[in-house]
Amino acid sequence: MIEKLNLNYWATLLLVFLIACLALAQADGKGVAMAPEKSVLLSTLNRPVSASVSGYNLGLFVHLPVNFRIADNRIHWQIRREGDRFTRSLNGQQPQLNLPPGNYQIQLSIGRFLMQKPVRIDSNSLVVSSFSAAIGYLRLSANEKVEWLIQGPSGKSFRLGNRSQVNEIVPAGFYRVKAMIRQVPQFRRVQVHSGELTEKHVHIPVGEVNLTATLDNQPLFEPMEWQIYRLESGKRRLIGNFHQHIQGITIPPGRYEAVARHEQTVRSRQFWVQQNTSNQVILALD
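With my numbering applied, the sequence shown has no gaps in its numbers, which climb one by one up to 286 at the end.
Careful: at least some of the hints might be erroneous.
What the hints assert, rightly or not - Cross-link-like lysine to aspartate or glutamate pairs, in silico, EDC-like; alpha carbons within 16 Å at most:
{"hint": "1", "residue 1": "LYS145", "residue 2": "GLU208"}
{"hint": "2", "residue 1": "LYS117", "residue 2": "GLU82"}
{"hint": "3", "residue 1": "LYS178", "residue 2": "GLU199"}
{"hint": "4", "residue 1": "LYS235", "residue 2": "GLU257"}
{"hint": "5", "residue 1": "LYS178", "residue 2": "GLU144"}
{"hint": "6", "residue 1": "LYS200", "residue 2": "GLU144"}
{"hint": "7", "residue 1": "LYS200", "residue 2": "GLU168"}
{"hint": "8", "residue 1": "LYS156", "residue 2": "GLU144"}
{"hint": "9", "residue 1": "LYS178", "residue 2": "GLU147"}
Rather than coming from a laboratory, the hints here were simulated on the basis of the structure.
Here the structure is a predicted model, which is why all the values come from computation and not from measurement.
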């Protein structure tokens with residue numbers, strides 16, 4: 001009889017314990033549904049921030065392509081206030097600064113990429129202006145030093161002179177590349193993708209010409225002038241002037257005329273240049 005009472009006692013106690021656990025679980029579930037942490041976070045993000053709280057009133061930010069690496073000192077900002085000569089310049093991907101109230105023009109430049117936006121600054125306000133830069137690296141090379149003319153999207157172009165390599169940050173898009181030596185061009189078409197490196201080699205066909213001016217069958221060793229003309233399509237176009245009695249030049253294949261002047265004496269000669277050849281042009285100025 002005593003053992004039966006003890007069994008009933010423990011069974012009742014277990015039932016009470018299970019009921020209490022179920023009640024606690026329901027109460028805890030209601031607490032999770034309320035999500036107070038999320039409500040507090042959202043209210044914090046949505047609350048207006050004043051310039052006095054943030055310590056600055058203009059924040060700038062540029063979105064770069066994924067995995068695009070660039071030093072902060074290559075990201076340039078130019079800030080001009082309308083109506084006067086107030087300007088500020090600074091570098092970096094996300095600079096912050098304080099400006100007097102007014103209307104401003106913000107210019108971002110990264111290499112050959114340019115972008116502008118207007119911004120208005122009011123008293124006790126915080127303005128954040130973001131820019132998006134779809135840019136890539138353009139790397140060009142040539143086997144000779146040439147004059148480069150690079151025309152990109154929207155017809156914008158830039159020139160680079162007397163070099164065999166080009167390394168530029170440019171807006172994404174299609175480019176028309178003109179590489180010119182002695183006024184004879186080679187053309188290429190290149191597409192630059194955002195966030196990527198685009199490389200293009202331009203082969204320039206050339207030949208070597210050695211100019212020699214003589215007097216009495218000896219090198220001249222006196223001041224004189226060479227004028228080299230390219231003869232093409234019935235036209236005679238000057239491509240270079242030189243002043244050494246012995247002069248080496250590199251020119252594209254074609255037909256040419258060399259004119260040598262010394263005091264009152266003028267001599268000329270026409271000659272052909274082929275690719276990867278060495279040519280001797282000797283003029284006697286007797």
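The hints, checked one at a time:
1. Of the supplied pair hints, the one linking LYS145 and GLU208 holds, its CA atoms being roughly 14 Å apart against a limit of 16 Å.
2. Between LYS117 and GLU82 the alpha-carbon distance is near 13 Å, which keeps this suggested pair within the 16 Å criterion.
3. Between the alpha carbons of LYS178 and GLU199 the distance comes to roughly 15 Å, so the proposed pair stays at or under 16 Å and holds.
4. Straight-line distance between C-alpha atoms of LYS235 and GLU257 comes to about 12 Å, which keeps the hinted pair within the 16 Å bound.
5. Between the alpha carbons of LYS178 and GLU144 the distance comes to roughly 13 Å, so the proposed pair stays at or under 16 Å and holds.
6. Distance restraint check for LYS200 and GLU144: the Cα-Cα separation of roughly 14 Å lies within the 16 Å cut-off, and the hinted pair is therefore satisfied.
7. For a cut-off of 16 Å, the pair hint linking LYS200 to GLU168 stands: about 13 Å separates their Cα positions.
8. Proposed proximity of LYS156 and GLU144 is contradicted: the alpha carbons are some 25 Å apart, above 16 Å.
9. With a CA separation close to 8 Å, the supplied pair LYS178 and GLU147 stays within the 16 Å bound.
Hint violations for this structure: number 8 only, all remaining hints satisfied.
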